[in-house]
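Student: Sequence:
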Amino acid sequence: METNFVVKFIDKLRNSRDFTISILIHVIFVAIFGTTVLFQAVQEPPDFEGGSEGFVGSTEENAPPPETTPQEMPPTQDVSVTATPVNNSPVSAITTTATSPSSFTMAQMVMAPVPTVAPSASSMSAPKPSAPVGGVKGTGMTAAAAAGIKGFTGGWGKGSGSGTGTRSREFEFTAYIGQYVGGDWDSTISTVRRKTPGQGVEPDNIDNGSLPNLLAYISEFSGGKIKTNYKNVRTIKLSSPDFFSLKPPFIFLTGSRDFVLTEPEVENLRKYVSLGGAIWGDSSRPGRNSRFDIAFRREMKRVLPDKDKEWEELPLTHPVFTGHAYYPEVKDVPAGINFYKEPVYCLKIYGEIAVIYTANDYGDMWQFALNTDRKSLYMETLIPGNKRTPFLAQSQVLIWQRGRLIFNVEPPAIDLAFKFGVNMIIHLLTRWESKTKSATSL
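Each residue of the sequence shown is one higher than the one before, starting from 6 at the first, in this note's numbering.
Rather than coming from a laboratory, the hints here were simulated on the basis of the structure.
Just to be clear, a hint being listed does not mean it is correct.
The list that follows gives simulated cross-link-like pairs (lysine-lysine, DSBU-like), each with its CA atoms no further than 35 Å apart [stated by the list, open to error]: (1) K236 with K312; (2) K232 with K252; (3) K380 with K236; (4) K442 with K336; (5) K230 with K312; (6) K346 with K236; (7) K252 with K353; (8) K252 with K242; (9) K442 with K314; (10) K314 with K353; (11) K306 with K236; (12) K380 with K442; (13) K314 with K242; (14) K353 with K306; (15) K380 with K163; (16) K312 with K353; (17) K232 with K346; (18) K155 with K306; (19) K312 with K380; (20) K312 with K242; (21) K276 with K380; (22) K232 with K276; (23) K163 with K424.
Restraint ranges, calculated between C-beta atoms of paired labels, are given here [what the hints assert, rightly or not]: (24) G408 with E268: 15 to 23 Å; (25) H323 with R293: 15 to 23 Å; (26) G160 with E415: 34 to 42 Å; (27) R407 with D191: 16 to 24 Å; (28) E315 with G229: 37 to 45 Å; (29) K230 with N343: 28 to 36 Å; (30) S439 with E317: 14 to 22 Å; (31) D378 with P333: 15 to 23 Å.
On a predicted model such as this, the values are computed, not experimentally measured, just so you know.
Even glycine gets a Cβ: it sits at the ideal position worked out from N, Cα and C.
Using the sequences and the accompanying hints, generate a full structural model.
Tutor: In structure tokens form, the structure reads like this:
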């Protein structure tokens, strides 16, 4: 049965030869012309981004567009591509709006009239702020700001204000330990406390510690040319209005714990540094990411929140480390407690230091006292009954921990830390002199 069915089917095909040929011809036409049309329909348009042969670009830099008006524009051209119908087949009339790379044309875009003179590259850039007449050129410092800074800082240095040759000059100032809300602001000092009626016991004079020792070192080894009032170092509350009558060149902040400044403290410090004062933060827990390290960086950005005032590393080309420094032998950041040697960081206003930060715990190094030869530690303060010399005060706790928990506190390292502190203070005393002198209206 199956053989008879096949034979009969073949006979029918032979008898219907014309029908079979017609089907084959249609299949061939669809395969050839139908495929070509479909391929053109899905082809991607050319790249509009330009390049060496792109549509967007110009051979002349900043060339202006041609002067045209909407009335002059030609009618929009049709960019559709239509395939030729083939034998009225259902697949022969496929139309697409895709562009053909060989026949693509683009209607000219309507442009607003432009000036006949093309703007220069320099005029296209954003204008840079400039100081008004009487300000300091290139710093953004107005004449009024320069006058305020000169009035605030003018009493620190005596004699010529060139900023160099500081060994031959005289200075006089009083520095303060900043007393902030929360934290252990007195971590590297010892205070004498007094009782104020109705207010309880408050810190008054600082008995001994980091800042008194550093200031005493300056006075002692400058031969008295730098008068630091080290015997009368005091604390000052960061919200105090006394900042603006006492005019300290810097406020020393230290600690090892987290703290958050109050809004009055933030506002007071912002006004203080804008007048030329400085904040010197020194962590008494050496290294990065301690609680004080995180808190100090965060809180100082509240004092100077501007985006153009970010923490930057003090380069070794800075005057603190060069031959013009008070002690030119300090050419690098000295190692601190336990050999920590983090970079010195700062925030600036008008290109000068407003906040300085050291994370190497120099404060505890300054609690060690040196003999006048600077080659040995002054140990007599440990003898019971000995009268303590004010500028040779020394922490007994640190002496007991020396060589066990505290390292790098040998005389050469301590002396270098003192000299770095002197260089920094002298720079803070003189950093505004050249700028305020160049303000022509002062």
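Student: State for each hint whether it applies.
Tutor: Status of the hints after comparison with the structure:
no.	hint	result
1	K236 with K312	violated (40 Å)
2	K232 with K252	holds (15 Å)
3	K380 with K236	holds (24 Å)
4	K442 with K336	holds (28 Å)
5	K230 with K312	violated (40 Å)
6	K346 with K236	holds (30 Å)
7	K252 with K353	holds (19 Å)
8	K252 with K242	holds (14 Å)
9	K442 with K314	holds (24 Å)
10	K314 with K353	holds (6 Å)
11	K306 with K236	holds (33 Å)
12	K380 with K442	violated (41 Å)
13	K314 with K242	holds (25 Å)
14	K353 with K306	holds (11 Å)
15	K380 with K163	holds (31 Å)
16	K312 with K353	holds (12 Å)
17	K232 with K346	holds (30 Å)
18	K155 with K306	holds (25 Å)
19	K312 with K380	violated (46 Å)
20	K312 with K242	holds (28 Å)
21	K276 with K380	violated (42 Å)
22	K232 with K276	holds (26 Å)
23	K163 with K424	holds (21 Å)
24	G408 with E268: 15 to 23 Å	violated (45 Å)
25	H323 with R293: 15 to 23 Å	holds (21 Å)
26	G160 with E415: 34 to 42 Å	holds (38 Å)
27	R407 with D191: 16 to 24 Å	holds (21 Å)
28	E315 with G229: 37 to 45 Å	holds (40 Å)
29	K230 with N343: 28 to 36 Å	holds (34 Å)
30	S439 with E317: 14 to 22 Å	holds (20 Å)
31	D378 with P333: 15 to 23 Å	holds (20 Å)
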